[in-house]
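Undergrad: Okay, here's what each chain looks like letter by letter:
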Amino acid sequence: MSTTFQLNGETCRFDGDPMTPLIDLLRCQRFMTGTKAVCREGFCGACTVNVEGEPVLACLRPVGLLEGLSVMTIEGASRYDAEAQLLQAAFERVDAVQCGMCFPGMVMSLSKFLRETPRADRNAVKHAMVGNICRCTGYERIVDAVMECLAEAHSAGGADV
Amino acid sequence: MHGIVEERLIVAETIEEARDALRQGRAVLAGGSWVMRAPVRGQALPERLVSVGRIAALSRVEVEENEYVIGAAVTHFALTEALRDVPQLTGLVTAAATSANPAVRRVATLGGNLCCVDFAASDFAPALLACGALVYLETAQGPATLPMAEFLARRAEVLPRALLTGVRVPRSVRASAHQRLPMRKAGDYPVAIVSMAICGGELHIAVGSVEPIARRWTVLEQALDGRTLNPERAAELAATLNDFKGRDGIEADGWYRREVLPALVRRCTAALLSGESK
Numbered sequence: 001m002s003t004t005f006q007l008n009g010e011t012c013r014f015d016g017d018p019m020t021p022l023i024d025l026l027r028c029q030r031f032m033t034g035t036k037a038v039c040r041e042g043f044c045g046a047c048t049v050n051v052e053g054e055p056v057l058a059c060l061r062p063v064g065l066l067e068g069l070s071v072m073t074i075e076g077a078s079r080y081d082a083e084a085q086l087l088q089a090a091f092e093r094v095d096a097v098q099c100g101m102c103f104p105g106m107v108m109s110l111s112k113f114l115r116e117t118p119r120a121d122r123n124a125v126k127h128a129m130v131g132n133i134c135r136c137t138g139y140e141r142i143v144d145a146v147m148e149c150l151a152e153a154h155s156a157g158g159a160d161v
Numbered sequence: 001m002h003g004i005v006e007e008r009l010i011v012a013e014t015i016e017e018a019r020d021a022l023r024q025g026r027a028v029l030a031g032g033s034w035v036m037r038a039p040v041r042g043q044a045l046p047e048r049l050v051s052v053g054r055i056a057a058l059s060r061v062e063v064e065e066n067e068y069v070i071g072a073a074v075t076h077f078a079l080t081e082a083l084r085d086v087p088q089l090t091g092l093v094t095a096a097a098t099s100a101n102p103a104v105r106r107v108a109t110l111g112g113n114l115c116c117v118d119f120a121a122s123d124f125a126p127a128l129l130a131c132g133a134l135v136y137l138e139t140a141q142g143p144a145t146l147p148m149a150e151f152l153a154r155r156a157e158v159l160p161r162a163l164l165t166g167v168r169v170p171r172s173v174r175a176s177a178h179q180r181l182p183m184r185k186a187g188d189y190p191v192a193i194v195s196m197a198i199c200g201g202e203l204h205i206a207v208g209s210v211e212p213i214a215r216r217w218t219v220l221e222q223a224l225d226g227r228t229l230n231p232e233r234a235a236e237l238a239a240t241l242n243d244f245k246g247r248d249g250i251e252a253d254g255w256y257r258r259e260v261l262p263a264l265v266r267r268c269t270a271a272l273l274s275g276e277s278k
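Protein sequence lines, in the order shown, are assigned to chains Z and R.
Take the first sequence: its letters are residues 1 to 161, numbered as in UniProt numbering.
Take the second sequence: its letters are residues 1 to 278, numbered as in UniProt numbering.
The hints are simulated quantities; they were obtained by calculation from the structure and are not laboratory data.
Please note that the accuracy of each hint is not assured.
Unchecked claim - The calculated EDC-like cross-link candidates involving lysine to aspartate or glutamate, where the alpha carbons are at most 20 Å apart (straight line), are:
{"#": "1", "chain 1": "Z", "residue 1": "Lys-112", "chain 2": "Z", "residue 2": "Glu-83"}
{"#": "2", "chain 1": "Z", "residue 1": "Lys-112", "chain 2": "Z", "residue 2": "Glu-148"}
{"#": "3", "chain 1": "R", "residue 1": "Lys-185", "chain 2": "Z", "residue 2": "Glu-140"}
{"#": "4", "chain 1": "Z", "residue 1": "Lys-112", "chain 2": "R", "residue 2": "Glu-81"}
{"#": "5", "chain 1": "R", "residue 1": "Lys-185", "chain 2": "Z", "residue 2": "Glu-148"}
{"#": "6", "chain 1": "Z", "residue 1": "Lys-126", "chain 2": "Z", "residue 2": "Glu-116"}
{"#": "7", "chain 1": "Z", "residue 1": "Lys-126", "chain 2": "Z", "residue 2": "Glu-148"}
{"#": "8", "chain 1": "Z", "residue 1": "Lys-112", "chain 2": "Z", "residue 2": "Glu-152"}
{"#": "9", "chain 1": "R", "residue 1": "Lys-245", "chain 2": "R", "residue 2": "Glu-221"}
{"#": "10", "chain 1": "R", "residue 1": "Lys-185", "chain 2": "Z", "residue 2": "Asp-121"}
{"#": "11", "chain 1": "Z", "residue 1": "Lys-112", "chain 2": "Z", "residue 2": "Glu-75"}
{"#": "12", "chain 1": "Z", "residue 1": "Lys-126", "chain 2": "R", "residue 2": "Asp-188"}
{"#": "13", "chain 1": "Z", "residue 1": "Lys-126", "chain 2": "Z", "residue 2": "Glu-83"}
{"#": "14", "chain 1": "R", "residue 1": "Lys-185", "chain 2": "R", "residue 2": "Asp-253"}
{"#": "15", "chain 1": "Z", "residue 1": "Lys-126", "chain 2": "Z", "residue 2": "Glu-140"}
Turn these sequences into a full structure, and let the hints guide you.
TA: Written as structure tokens, this is what we have:
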């Protein structure tokens, strides 16, 4: 069984075992090591990628189910996704990144949230981060970074009248 | 070698294709969020599988005259979106909207959840038990229907020969609520779950995650039957009539799962009365 899908805008064909987790294809064959393999059971969110624009876990996604779909990793998001770029800059600015294991997954989960929920409060941000675990810097600083992004988006979009 | 790899996973487009593949000994793959953890549990992935996620007939949520029809391949997210404006099903929607974490809810399906025989912490199982749902199956002999409790009790025996196609929830459900207790605020498996529903004038109470298989709390239902519902009184009776044997697990010991039930009953009763859940 051959599986063909779009990976960061380019055609990717995979001829191996269709039950291979997407995370292994990304890291071991495409050398896209931005997506982290940590818990491998859907709890930590470090392997979050976007499939058809939706954040999902690459450790739990068999490649064989991706036929015809579009996959975006942190490498692609850093180049093509404006909200992801905003988040990356804010995380760096508020010093939210320490070991770096959770950070790509956080960006992949939160960029869609940022795009679709521009009026979110801190509580909504925390709900959106439920599946992304950080063991280093603590969540409040990460939430601070997201709130900065939301404030930036507001000021860029102008005031309500 | 190439031929073996080619056949490992097939993607069914129709219920008939999936049923035939099941008959040939293939395991059913839904969202994959449970089966893909097999390696970390020290288990092997199934050798041959059939994916049912692209079968259009299994991905629908429909409101019929007497029932809500929910296909087996409907994800937790899709169920939440489809039924969030049905206040009578607040319990079921809360189960779908609060289980696991957002990324899992985008791929995990109703059918996959119910077919994980070893998964005691399913949110759907108690929510559907409380609502009096029926489970629909496709077998070699044709369609079959089982009440939710019977399906849960017999699924290990039934599922190797039957494809779960969906559930039907009666529209006689007037109100429902769902309360779960994870060790963190969210994102992990709940220690205990209490679901309640008022169906055709009867109060149904179901408990999940405490014992290996979710079940109705019939002695508590009978004690509360005909009384004016009151959260404190319901919790007192729950403490007196607690006939659960808690299972020991990584999140919590059995005694603790049992111990929290009266508090969850109090919260669930309050949610049922107020029309809210979460």
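Undergrad: The structure should be examined with respect to each hint, and the outcome stated for every one.
TA: Outcome of the hint check:
1. Z/Lys-112 <-> Z/Glu-83: 8 Å, holds
2. Z/Lys-112 <-> Z/Glu-148: Holds. Z/Lys-112 to Z/Glu-148 sits at ~16 Å (cutoff 20 Å).
3. R/Lys-185 <-> Z/Glu-140: Status holds; Cα separation ~15 Å.
4. Z/Lys-112 <-> R/Glu-81: 17 Å, holds
5. R/Lys-185 <-> Z/Glu-148: Distance ~24 Å between R/Lys-185 and Z/Glu-148 Cα, so the pair is violated.
6. Z/Lys-126 <-> Z/Glu-116: 15 Å, holds
7. Z/Lys-126 <-> Z/Glu-148: Holds, at about 14 Å.
8. Z/Lys-112 <-> Z/Glu-152: 16 Å, holds
9. R/Lys-245 <-> R/Glu-221: The given pair, whose Cα atoms are some 18 Å apart, holds under the 20 Å limit.
10. R/Lys-185 <-> Z/Asp-121: 18 Å, holds
11. Z/Lys-112 <-> Z/Glu-75: Distance of about 16 Å is within 20 Å: holds.
12. Z/Lys-126 <-> R/Asp-188: 15 Å, holds
13. Z/Lys-126 <-> Z/Glu-83: Given pair Z/Lys-126, Z/Glu-83 holds - Cα atoms ~17 Å apart, limit 20 Å.
14. R/Lys-185 <-> R/Asp-253: 18 Å, holds
15. Z/Lys-126 <-> Z/Glu-140: This hinted pair holds, its Cα atoms lying about 9 Å apart.
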